[in-house]
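Following the hints, complete the assembly by docking chain F onto the known chain B.
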Amino acid sequence: MDWTLLLIQMLNGLQLGVLLFLLASGLTLVFGIMDFVNLAHGSFYMVGAFVCASLTFFTGNFLIGVILAIPVVALVGVITEKIVVQQLYARDHLDHVLATFGLILCFDTLVHMIWGAQGIAVPLPKWLDGQVELFGGIVFPTFRLLIIGTGLTIAFGLYYLVNHTRLGMLIRAGASNRTMVSALGVDIQLLFSLVFALGAVLAGLAGMLISPITEASIGMGNEIIITAFVVIIVGGIGSMKGAFIAAMIIGLIDTLGRSFLDDMFKVFMSAPAAETSAPAVSAMLIYILMAAILAVRPQGLFPPKVR
Amino acid sequence: MSDTPLNGATPRSSGLLSGWTATTWATAICLVLLAVVPPVSFYAGQPFHVDLATRLVCLSIAAVSLNLILGYGGMVSFGHAAFIGIGAYSVGIPAYHATYGEFDLIASYNGWFHIALALVVSAIFAAITGAISLRTRGVYFIMITMAFGQMVFFLFVSMETYGGDDGLTIDVRSELPLIDLDKPLQLYFLCYGSLLGALFIVHRMVNSRFGMAIQGAKGNELRMQSIGYNTYVYRLVAYIISGAMCGYAGFLLGNFTTFISPEMMDWTRSGELMFMVILGGAATLVGPILGAVAFILLEEILSGFTIYWHLPFGVLLILCVLFARGGLMGFVSQWGRRNG
Numbered sequence: 001m002d003w004t005l006l007l008i009q010m011l012n013g014l015q016l017g018v019l020l021f022l023l024a025s026g027l028t029l030v031f032g033i034m035d036f037v038n039l040a041h042g043s044f045y046m047v048g049a050f051v052c053a054s055l056t057f058f059t060g061n062f063l064i065g066v067i068l069a070i071p072v073v074a075l076v077g078v079i080t081e082k083i084v085v086q087q088l089y090a091r092d093h094l095d096h097v098l099a100t101f102g103l104i105l106c107f108d109t110l111v112h113m114i115w116g117a118q119g120i121a122v123p124l125p126k127w128l129d130g131q132v133e134l135f136g137g138i139v140f141p142t143f144r145l146l147i148i149g150t151g152l153t154i155a156f157g158l159y160y161l162v163n164h165t166r167l168g169m170l171i172r173a174g175a176s177n178r179t180m181v182s183a184l185g186v187d188i189q190l191l192f193s194l195v196f197a198l199g200a201v202l203a204g205l206a207g208m209l210i211s212p213i214t215e216a217s218i219g220m221g222n223e224i225i226i227t228a229f230v231v232i233i234v235g236g237i238g239s240m241k242g243a244f245i246a247a248m249i250i251g252l253i254d255t256l257g258r259s260f261l262d263d264m265f266k267v268f269m270s271a272p273a274a275e276t277s278a279p280a281v282s283a284m285l286i287y288i289l290m291a292a293i294l295a296v297r298p299q300g301l302f303p304p305k306v307r
Numbered sequence: 001m002s003d004t005p006l007n008g009a010t011p012r013s014s015g016l017l018s019g020w021t022a023t024t025w026a027t028a029i030c031l032v033l034l035a036v037v038p039p040v041s042f043y044a045g046q047p048f049h050v051d052l053a054t055r056l057v058c059l060s061i062a063a064v065s066l067n068l069i070l071g072y073g074g075m076v077s078f079g080h081a082a083f084i085g086i087g088a089y090s091v092g093i094p095a096y097h098a099t100y101g102e103f104d105l106i107a108s109y110n111g112w113f114h115i116a117l118a119l120v121v122s123a124i125f126a127a128i129t130g131a132i133s134l135r136t137r138g139v140y141f142i143m144i145t146m147a148f149g150q151m152v153f154f155l156f157v158s159m160e161t162y163g164g165d166d167g168l169t170i171d172v173r174s175e176l177p178l179i180d181l182d183k184p185l186q187l188y189f190l191c192y193g194s195l196l197g198a199l200f201i202v203h204r205m206v207n208s209r210f211g212m213a214i215q216g217a218k219g220n221e222l223r224m225q226s227i228g229y230n231t232y233v234y235r236l237v238a239y240i241i242s243g244a245m246c247g248y249a250g251f252l253l254g255n256f257t258t259f260i261s262p263e264m265m266d267w268t269r270s271g272e273l274m275f276m277v278i279l280g281g282a283a284t285l286v287g288p289i290l291g292a293v294a295f296i297l298l299e300e301i302l303s304g305f306t307i308y309w310h311l312p313f314g315v316l317l318i319l320c321v322l323f324a325r326g327g328l329m330g331f332v333s334q335w336g337r338r339n340g
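Going down the list, the protein sequences come from chains B and F.
Under the working numbering, think of the first position of the first sequence as 1, with each following residue one higher.
Under the working numbering, think of the first position of the second sequence as 1, with each following residue one higher.
Bound conformation, chain B alone (with noise of 0.2 angstroms):
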């Protein structure tokens, strides 16, 4: 076994866990608080994707863009609440569903006809378009590492803001008893907007962070929004631990199965139909990895204790 070629691919898996967790945080978030399925997660994605991309253009950074594209996400997360989510709270999980799948229909469309239906590559500056050398002589993409650290720090930032501030007080009190915590007088319609907002922001960022490595397209929220339900799912709904931890696994596995399940189907039958069979397996993986852990535990790993 090549130890230095595990090791990449564990720093790839890791990236692509980060990745999933931004996504997955925000749906967990707010399913655990406002009952809500959001099919149209991924849409957010998408939009930090394309608008990052114009504002790189425009400013001629990408940092620049990713800082400003923030709040134009958030802004549009608001507005999607406003309009369309609100009105769905009261709702059964079919009719949210069905919304915001009209919302995707929408979210691609309204994007196709801003940028085209081309995708867009998004160009990094310079000092994070090289590779840096690791412990052991590993040699690793700069922006991957770079990728890993922010969700590293933003899973670091959440578990404050959800454990240590007033917000994330109230947003643990808005998951165990929404109508508790608005008799208290608390605005809950106002958490609901920030907590959506937040959740949108964090799939924007998402799609911000991966647009330089395989550029923004439409459609490109819809493939990674199962993997991220994936994650939930494996992880308990409605529980930010179990997202994290879900999401590592899912990332590693995913990316791990995708490089060397050929070779360990090598050890036990023919290297042809290793080639064969590889592929096909390790597209399922993590699908079947679901299916295990349901099977076990059908409320996922850590599924929170009050509903």
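A portion of the hints provided could be inaccurate.
[Stated by the list, open to error] Stretches of chain B that chain F covers, calculated by requiring three or more beta carbons in the stretch to come under 8 angstroms of a beta carbon on chain F:
1) 85-97
2) 273-284
[Claimed, not checked] Partial chain F-side listing against chain B, Cβ under 7 angstroms, derived:
3) Leu119
4) Val121
5) Arg135
6) Val139
7) Ile142
8) Met151
9) Phe154
10) Leu155
11) Ser158
12) Thr306
13) Tyr308
14) Gly314
15) Leu317
16) Val321
By construction, these hints were calculated from the structure, which means they are not laboratory data.
All C-beta atoms, glycine included, are put in the ideal place defined by N, C-alpha and C.
For chain F alone, kept in the frame of chain B given last:
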């Protein structure tokens, strides 16, 4: 949805032919139009209409199958397009091997074999995924069925032999006795007949003891369990039947398009199927068909106006969820009650 009295809830309209209420009229008109319009427009020199109607009827069967579990059973499956894909590849893969060799075991153009394969594989897939996902409730169920659907999507994307992402062309349609699927009208009437069959099965099932148990479990699962029903098994059986029926719809759709790709089982396709059911009216017999008709006609009309037709379409879907609960059949039965 469940609070609107729909077909089956009002005693007068419980039988298909006993007492002609507005819903029964809607059912009859809908089915007669589907039988008459395509052949007429075919002989009037508009063969395109037959293509449109065939696609519509295939998707109607899928929507009817989804309605069985979503409407009557309250199981919000977001992965139903996977069954369409399984059914379609049950035509494509044997036909591929019959043409290009290898895998003699399944290489065949025989339509009966394709149908059997579609039904069996769909049923097995439904049994496995249903057994796991039915252990969960609510939003978990929605997301898990979605994830399993996406799993099948990625499975077919990764199978390079059958074209992977690019899809697979079916060179020879399924061979069935007496009918020739290469003739558009014969294919259409096979689909239409299948739709009638699917409606009959669902109608009989829903009004049987089994169907009552399913609907009872939707209304109050604990109550059904406490009077001695193993609701899990009932739900699982309904899920398997629905999956197999949807796989059959995929068999028809594969024969119609003759080009199949993983794209037809993308999760957005499952969302569209769900919309057909809700738009027409869940837990009504022909609601899914009305929904499919409205959906596909809207798609055709809007896409004729602008390439950005998804925007008004999406807005319409949202408005429909917000303001038109009970779907089209809800309107019909309301209208029927107001006008006696």
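Now for the hints, and whether the structure bears them out:
no., hint, result
1, 85-97, "holds (count 7)"
2, 273-284, "holds (count 6)"
3, Leu119, "violated (23 angstroms)"
4, Val121, "violated (15 angstroms)"
5, Arg135, "holds (5 angstroms)"
6, Val139, "holds (5 angstroms)"
7, Ile142, "holds (6 angstroms)"
8, Met151, "holds (4 angstroms)"
9, Phe154, "holds (4 angstroms)"
10, Leu155, "holds (6 angstroms)"
11, Ser158, "holds (4 angstroms)"
12, Thr306, "violated (10 angstroms)"
13, Tyr308, "holds (5 angstroms)"
14, Gly314, "holds (3 angstroms)"
15, Leu317, "holds (3 angstroms)"
16, Val321, "holds (4 angstroms)"
Going through the hint list in order, the structure does not satisfy hints 3, 4 and 12.
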